[in-house]
Structures are given as structure tokens and as C-alpha cells.
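Q: Numbering (our numbering) for the sequence shown: 850 to 900.
Wrong hints could be hidden among the right ones.
[As the list claims (entries may be wrong)] Label-pair ranges, simulated between beta-carbon atoms: (1) Val863 / Val892: 17 to 23 Å; (2) Met897 / Asn856: 30 to 36 Å; (3) Gln890 / Leu853: 32 to 38 Å; (4) Val892 / His850: 15 to 21 Å; (5) Ser900 / Asn854: 37 to 43 Å; (6) Ile858 / Leu894: 17 to 23 Å; (7) Asn896 / Val863: 15 to 21 Å; (8) Asp855 / Asp883: 30 to 36 Å; (9) Asn896 / Asn856: 33 to 39 Å; (10) Leu894 / Tyr873: 32 to 38 Å; (11) Asp855 / Asn896: 34 to 40 Å; (12) Asp883 / Asn856: 28 to 34 Å.
To be clear, the hints were calculated from the coordinates, so they are not data collected in a lab.
Cβ coordinates follow ideal geometry from the N, Cα and C atoms, glycine included.
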Amino acid sequence: HRNLNDNVIEGFRVPELDAFSVQYHPEAGPGPHDSRYLFSQFVDLMNMKAS
850 HRNLNDNVIE GFRVPELDAF SVQYHPEAGP GPHDSRYLFS QFVDLMNMKA
900 S
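Based on the provided sequences and hints, a complete structural model is requested.
A: Rendered as C-alpha cells:
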């Protein structure tokens, strides 16, 4: 993810490590479900590691 105003990196993903991060408040997005995919990915990673 990059900030559209100043091009700062605000999120990244490392598939080889099953890791990702965001440095903003995805829950503060303009729509009620705009960040749902981030939380879904997190839950999926936790479930995958637990099994």
C-alpha cells in the first residue's frame, strides 16, 4: 500500500514468510467494508498456522 498523497509505503506483504503489515488505520476507510480483506487475510493466516 502506498499513500496517494506523499507516496509513502504504508503496507507490505512477504508471501514467503506469510506476513503482512499496514501502517494506517484500515478500519477508518471511507466504506464499512473497505478493510475487510485485511482482517480476512489475518484470520486465514492464523487458521493455517493453527492446523
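Q: Now tell me, hint by hint, if it's right for this structure.
A: Verification of the supplied hints:
1. Val863 / Val892: 17 to 23 Å: Taking Cβ atoms as reference, valine 863 and valine 892 lie about 18 Å apart, which means the hint holds.
2. Met897 / Asn856: 30 to 36 Å: holds (32 Å)
3. Gln890 / Leu853: 32 to 38 Å: violated (22 Å)
4. Val892 / His850: 15 to 21 Å: About 19 Å separates the Cβ atoms of valine 892 and histidine 850, which means 15 to 21 Å holds.
5. Ser900 / Asn854: 37 to 43 Å: At 41 Å between Cβs, range holds.
6. Ile858 / Leu894: 17 to 23 Å: Taking Cβ atoms as reference, isoleucine 858 and leucine 894 lie about 21 Å apart, which means the hint holds.
7. Asn896 / Val863: 15 to 21 Å: About 19 Å separates the Cβ atoms of asparagine 896 and valine 863, which means 15 to 21 Å holds.
8. Asp855 / Asp883: 30 to 36 Å: Once the Cβ atoms are compared, 20 Å apart, the range 30 to 36 Å for aspartate 883 and aspartate 855 is violated.
9. Asn896 / Asn856: 33 to 39 Å: holds (34 Å)
10. Leu894 / Tyr873: 32 to 38 Å: Between leucine 894 and tyrosine 873, where Cβ atoms are some 19 Å apart, the hint is violated.
11. Asp855 / Asn896: 34 to 40 Å: holds (35 Å)
12. Asp883 / Asn856: 28 to 34 Å: violated (20 Å)
Violation of the numbered hints given earlier is confined to hints 3, 8, 10 and 12; the remaining hints are satisfied by the structure.
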